[in-house]
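Protein chains: 2
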Amino acid sequence: MRSSLECIPCFARQAIDAVRVAVNDEAQRMTVMRRIMGELSLIDFRQPPPVAARTIHRILRSETGVDDPFRGAKERFTAMAMELLPSFEKRIARYADRFAAAVRLAVAGNVIDLGAKGDLTEEEAFDAVGRALDEPVAGDIGALERAVSSASKILYVADNAGELVFDRPLIGMLPAGCVTVAVRGVPVINDATREDAVAAGIPDIAAVIDNGSDAPGTVLEDCGSEFLRAYQNADLVISKGQGNYETLSDEDKNIFFLFKVKCPVVAGHSGLGQGTHAVLRGG
Amino acid sequence: MRSSLECIPCFARQAIDAVRVAVNDEAQRMTVMRRIMGELSLIDFRQPPPVAARTIHRILRSETGVDDPFRGAKERFTAMAMELLPSFEKRIARYADRFAAAVRLAVAGNVIDLGAKGDLTEEEAFDAVGRALDEPVAGDIGALERAVSSASKILYVADNAGELVFDRPLIGMLPAGCVTVAVRGVPVINDATREDAVAAGIPDIAAVIDNGSDAPGTVLEDCGSEFLRAYQNADLVISKGQGNYETLSDEDKNIFFLFKVKCPVVAGHSGLGQGTHAVLRGG
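These protein sequences, in sequence, are chains A and B. With this note's numbering, letter number 173 in the first sequence gets 210, and the count goes up by one each step, no holes. With this note's numbering, letter number 243 in the second sequence gets 280, and the count goes up by one each step, no holes.
Hints were generated in silico from the structure; no laboratory data involved. Hints may be right or wrong, so weigh each one.
Said to hold, decoys possible - Dumping the calculated DSS-like pairs for lysine-lysine here, alpha-carbon to alpha-carbon at most 27 Å:
id, chain 1, residue 1, chain 2, residue 2
1, B, Lys154, A, Lys299
2, B, Lys299, B, Lys154
3, A, Lys154, B, Lys299
4, A, Lys154, A, Lys299
5, A, Lys154, B, Lys154
6, A, Lys299, B, Lys299
7, A, Lys290, A, Lys190
Go ahead and model the full structure; you've got the sequences and the hints to work with.
Written out as C-alpha cells, the structure reads:
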C-alpha cells in the first residue's frame, strides 16, 4: 500500500522516540530531526510507509552512532513475555478450539509495537494481550487453519520482539518441519532480529532466517536471497503486524495477515476499524 | 518559550489539516506537504512554535492560493457560540462571583482551537465549554480581578474565532473605555481576525485592533505599530490561548494568560498538567 499524508506526523514521532533514546544532547537531537525533516521533504508517497521509515532509521543510526536504540526495550518485552508464556499456554490448552486461541494470542501480541506507540509500557502491553485472548477477531480463522493443513512450506514473517514470544503457541501448532520464521536483517525500531528470535526460543521449534533488510516491514526488493528463496518456495505465508501488511498487501501470494489495526491509514486501506484484531487473507 | 522536538509532528498534522481543506487533489497535497517538510528541516528551535507555524501557513497560502481555509469553520463556530451566548450569560448572572464565572467561560472557550485538534466538532467544543463553567481553574482569579480594578489601559489579546464570543462576558466586565481587543492581522488556522471580531459583536463593547501579523500567536517583532503602541501603553495585558502564551510568556509585562493546556510542550513549560484550565500570571 502507498504512504499517506497522515504517515508524516507518525514518521516524525517515531524518529523523536528513537532520537530521545539514542542521544542525550538536545541540540544534537534537533540537528538529527532537522535532517530527518529534510529527508521527508523527498518522500515518495507511492512507496509503502516502511520504505520512508527505513530511510529515517538509517539517518538515525548514521547520525547518532547508535545501531539499536530499542535493544533494552526489546529485551525487557521479550523477558516479560517469556515469563508470562507458560500461563498463556495453559489458558490456550483449556479452549475447545486451541488453534483459534493461539491465533488470537499471536494477533494480540502485535500490540507490542513501539513504532505505533513509543511510550507503550510492558504493563499496558501485557494487560492488552491478556484481555484479547477472549475477544473476537475480524476474519476467518477457519480459512487460515485449512490453509495451514494443506500447506507444505510455511513462511512465518515475524514482526516485533516480545510479540514473537506470543507467536510460539501458533508456530508450535503448524506442521512440524514445514515452518520457517523470518525476522529483520538489521535492528529497526523494536522489530525482532535473530537475537530476539533466539531469546524467544524460536530456533527450538522452527527454522529461523533473517530477511537481510533494515526496513520495518518486508520490502521484497530489499530482501536477501535466503529470504527471497523461502518466500518464493512457500505455499503459505503468515505475515505478522502492520509493517508487513503495508509492504506485502499488494502481493499475489497465498498469504494471511495477522495484525492489530493501529493507525487510520491502515484502517482505511484494510477497511477495518482502528483497534481491530485482524486475520486478513491477501493474494 | 522555545519550540520542542514534539512540536514537529504537531506542525505536520496542522499543515495536513489545512491542506486537506484547501486542496482537493491528493498529488498537490503531497507536493505542498513535501515543501513544508523541507521548511521544517530549517526550523529554529530557539523560536516559539508560532514562528514556525507562521512559515508553514505562509507556504500553505502561497502553494494553494487559499488565503483562509478555515473561514467556513470559523463562521460556524462563531454562529453557534452566538446562539449559545445568551444562555451562558444567564448562567453567569446566577453565580455569586460573576467575574470568576466569566473568566472560567473565557478560559473554557479556548477549547475551540483547530490548531490543537483539527477534527474538533462544534458539539464537542460546546459540550466542553458548558461543562467547564463549574470546573476549577488553576491560578488566582482574584489576582486578575485586582489587576483589572487598578488598570487604566487593558489590552485583551484574543485567540480563536468562536472562542472570542465567550470572551464577551469577561470583556464586558472590564472598566468601560479602558479595553482594546487585539486580533490577528491575517487569517491563520482558526485564529480570530477583524471579521470574526465583528461577527462576535466585539466592536459594540470594546475597541478592536489587529496585530498586523500572520503568526498564530503574538510575535512582537512581527506586529504592526498600532498593536505595538497599544501593547506598550497597556498597564495590563490579558492574553488568551496557547499561541499567545508561547510567544509572550517570556515578556516582562503585567500580563495574565488565560488558556487551556492542550499539549505536552506547553504543559512542560507552564508546569501545569495537560487539560488544565489556567489563569497564569506572567511578567
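Against the structure, the hints:
With a C-alpha separation of about 19 Å, the suggested pairing of Lys154(B) with Lys299(A) holds against the 27 Å cut-off. For a cut-off of 27 Å, the pair hint linking Lys299(B) to Lys154(B) stands: about 9 Å separates their Cα positions. Under the criterion of a C-alpha separation no larger than 27 Å, the hint pairing Lys154(A) with Lys299(B) is consistent with the structure, at around 19 Å. Proximity of Lys154(A) to Lys299(A) is assessed by CA-CA distance (about 9 Å); at most 27 Å being required, the pair is judged to hold.
Restraint check: the Cα-Cα separation between Lys154(A) and Lys154(B) comes to about 19 Å, which is no more than 27 Å; the hinted pair holds. Taking the CA atoms of Lys299(A) and Lys299(B), the gap is about 23 Å. The hint holds against a cut of 27 Å. Pair hint Lys290(A) plus Lys190(A) holds up; C-alpha atoms about 13 Å apart against a cutoff of 27 Å.
Violated hints are absent here; each numbered hint is respected by the structure.
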